[in-house]
Amino acid sequence: MPEPGNRIEVRAAPTGPRVPTAPATVARGDRLVAGYLRAIAAIVRKDLAAELRSRELLGAMLVFSLLLILIFNFALELDARTRQTVTAGVLWSTFAFAGTLGLNRSMALEVDRGCLDGLLLAPVDRSALFFGKALGNLIFMLLVAATILPAYSALYNVNLFLPGLMGVVLLGSIGYVVVGTLLSSMAVQARTRDILLPLLLFPVVLPVVIAAVRATSGLLQAVPPEEIRGWINLLIAYDVIFTAVAFMTFDYIVEE
Amino acid sequence: MFFQEAPADTFNYMVLGFAVILGTMGLHVASLLVRFRNLRRDLEVLEEVQSPGLNQDRPAPR
Amino acid sequence: MEPMPRTLKTLNWLTAALFVAALYMVFLYAPREAVMGDVQRVFYFHVSAGWVGAVAFLVTAISGAVFLARRNPKWDRLAVASVEIGMVFAFINIVSGAIWARPVWNTWWTWDPRLVTATIMELIYLAYLMLRQGIEDPDRRARFGSVYGIVAFISVPITFLSIRFFRTIHPVVIGSGDPTAEGTFDMTPRMLQAFLFSLLTFSLIYMTLLWHRVRLARMTEHVEERRMQLTSA
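Residue numbers (my numbering), protein chains in the order written: chain A, 1 to 256; chain B, 1 to 62; chain C, 1 to 233.
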C-alpha cells in the first residue's frame with residue numbers, strides 16, 4: 001500500500017479509480033517500461049552467456065545447416081540454371097529445419113535446468129519472459145543465417161548479399177521465431193517433445209516460408225519490385241499478427 | 001449442323017466419390033454408437049459393483 | 001446418465017430427413033453437368049464437407065478462447081468434440097476433391113489453394129490431437145489445446161491467401177493441368193438450389209453430431225469419475 005504522498009509503485013496492479021497527477025503517471029510509466037525492457041535484456045543476456053559457455057546450441061544448428069546444404073546439393077541438381085530458381089527454397093528449408101533444433105533446445109534448457117520456474121517467480125510481466133526468449137532465439141537464428149549465407153554464396157557462386165535479402169531473412173526469422181517460441185513452450189512440456197514441435201510449427205508457419213521463399217527468389221532473379229512488395233507485406237502482417245497473438249496467449253501457457 | 005458433345009461418362013467416379021463420402025460419415029456415426037454402447041456397458045458394470053450388496057459400510061453412491 | 005433430450009431426438013429426425021432430401025436433390029433434382037458428367041454431383045457434398053471442416057475449426061478456436069477466459073471444462077469438451085467432427089469432414093473434403101479432380105483434370109491432386117489449405121487444416125487437427133495426447137495434466141492439456149487451437153486457426157486464412165497469391169504469380173502446371181483448376185462450371189438455378197440445400201443439411205449434420213459427441217464426452221467423464229470412486233474405495 002503506498003503511503004500518502006508517495007505515489008511510486010513497483011507493480012502495475014490495477015488499484016481502482018485513483019487519478020495521479022500527470023508527471024507522476026509518466027514517471028511511473030517510464031519506470032515500468034524500463035523494468036520491462038530490463039527484464040527482456042536480462043533474459044537475452046542469460047541465454048547468450050550460457051550459449052557462449054557451452055556453444056551447444058549454435059554448434060548444433062550450424063553443423064546441421066551445413067549438412068542440409070550438402071544433402072540438398074546431391075538431392076537437387078544444383079547446376080547453374082536450376083540454382084537460380086531453387087536457391088531460395090534450399091535456404092529457407094535449411095532455416096526452417098535448423099530453426100526447430102534451436103527452438104527445441106532453447107526451451108528444453110529452460111525447463112530441464114529449472115530456469116523456467118525461477119523466471120516465473122520473478123516479479124515481471126510474463127510476456128517479458130516470452131519476448132526475452134523469442135529475442136534470444138531470433139539472435140541465434142540470425143547468427144546461423146549469418147554463417148549460412150556466406151557459405152552458400154561461396155559454395156555456389158551466388159551473391160546473396162543483397163540488402164533486400166537481409167531484410168527478408170530478418171522478417172522471416174521474426175515470424176518463425178515468434179510462433180516457434182510460443183509453440184515450443186508448449187511442446188517442451190509434452191512427453192513427445194522433440195517430434196511435436198515440427199508437427200505443431202510447420203503448418204502454422206507455412207505462410208512465412210512461402211512468402212520468404214518467393215521474396216528471396218524474386219530478389220535473386222531481379223523480379224519487378226511490385227511482386228516482391230506483396231510478399232514483404234505478407235511477412236510484415238504475419239509478424240505483427242502473431243506477435244500480438246503470442247503476447248496475448250503466452251500467459252496461459254506458463255501459468256501454474 | 002453440329003451436335004453438342006455428350007457429357008463425359010464419369011458415373012464410376014461419382015459412385016466412388018459418394019462411397020467415400022457416405023462411407024466415412026457412416027463409419028463416424030458407427031464409432032459414436034459403439035463408444036456410447038461401451039460406456040453404457042461400463043456404467044452398468046460399475047453400478048453393479050457399487051450396489052449395496054457389495055458395500056455394506058458405504059451408502060449407495062448417487 | 002441423462003437420457004437424450006427431446007430437442008436432440010427431434011434434431012436427429014430432422015437431420016436424417018434433410019439428408020434424404022439432399023440426396024434426392026443431388027441425384028435427381030439437379031441436372032447432369034454438361035461437360036463433366038455425373039461426377040460433378042460429388043461437388044455438392046464435397047464443398048459442404050469443406051464448409052463443415054472450416055466451421056468446426058472456428059468453433060474449436062472460439063471454444064478454446066472461452067475456456068481460457070472462463071475455465072469451465074465444458075468449453076474444452078466442446079473444442080475436442082468439434083475437432084473430431086472437423087477432422088472427419090475435412091478428410092471427406094480432401095478425398096472427394098481428389099476423386100472429382102481425377103476424371104475432370106486428369107490428376108488426383110491439383111495444387112488448388114482451397115484443397116491445399118484443407119489439407120493443412122487436417123494436419124493441424126492432427127497436430128492438435130497429438131499435442132493433447134502428449135500432456136498428462138488435464139488442465140494443462142485443455143489450456144495448451146486452447147492456445148494452439150486459436151493460433152492455428154488464425155494461421156489458416158493467412159496460409160490460404162499466401163497460396164492463392166502464389167498461384168496467381170506462378171500457375172502450377174500439373175498433368176494436362178488447367179492451372180485454374182478450381183471447379184469452373186456454370187451452375188444452373190437447380191444446381192444452385194441443390195448446392196445451398198446441401199450446405200444447409202451439412203450444417204445441421206454438424207450440429208447434431210457435435211451435440212452427440214459432447215454428450216459422449218460428458219458421459220465418458222462421468223464413467224471415469226465413477227471408476228475413480230470405486231478404485232479409491
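By construction, these hints were calculated from the structure, which means they are not laboratory data.
Be aware that a few hints might be false.
As the list claims (entries may be wrong) - Computed spacing ranges between beta-carbons, pair by pair: (1) 30/B <-> 7/C: 46 to 52 Å; (2) 30/B <-> 162/A: 43 to 49 Å; (3) 200/C <-> 29/A: 37 to 43 Å; (4) 221/C <-> 12/B: 41 to 47 Å; (5) 47/B <-> 195/A: 54 to 60 Å; (6) 19/B <-> 85/A: 53 to 59 Å.
What the hints assert, rightly or not - Computed footprint of chain B on chain C; a stretch qualifies when at least three of its residues, placed anywhere within it, have a C-beta under 8 Å from a C-beta of chain B: (7) 24-35; (8) 98-108.
Computed from a predicted model, the values in this text were never measured in an experiment.
Glycine residues also receive a C-beta, built at the ideal position from the N, C-alpha and C atoms.
Results of checking the hints against the structure:
{"no.": "1", "hint": "30/B <-> 7/C: 46 to 52 Å", "in the structure": "violated, 23 Å"}
{"no.": "2", "hint": "30/B <-> 162/A: 43 to 49 Å", "in the structure": "violated, 58 Å"}
{"no.": "3", "hint": "200/C <-> 29/A: 37 to 43 Å", "in the structure": "violated, 54 Å"}
{"no.": "4", "hint": "221/C <-> 12/B: 41 to 47 Å", "in the structure": "holds, 46 Å"}
{"no.": "5", "hint": "47/B <-> 195/A: 54 to 60 Å", "in the structure": "violated, 41 Å"}
{"no.": "6", "hint": "19/B <-> 85/A: 53 to 59 Å", "in the structure": "violated, 41 Å"}
{"no.": "7", "hint": "24-35", "in the structure": "holds (count 4)"}
{"no.": "8", "hint": "98-108", "in the structure": "holds (count 5)"}
Going down the numbered hints, you'll see the structure goes against 1, 2, 3, 5 and 6, while the others check out.
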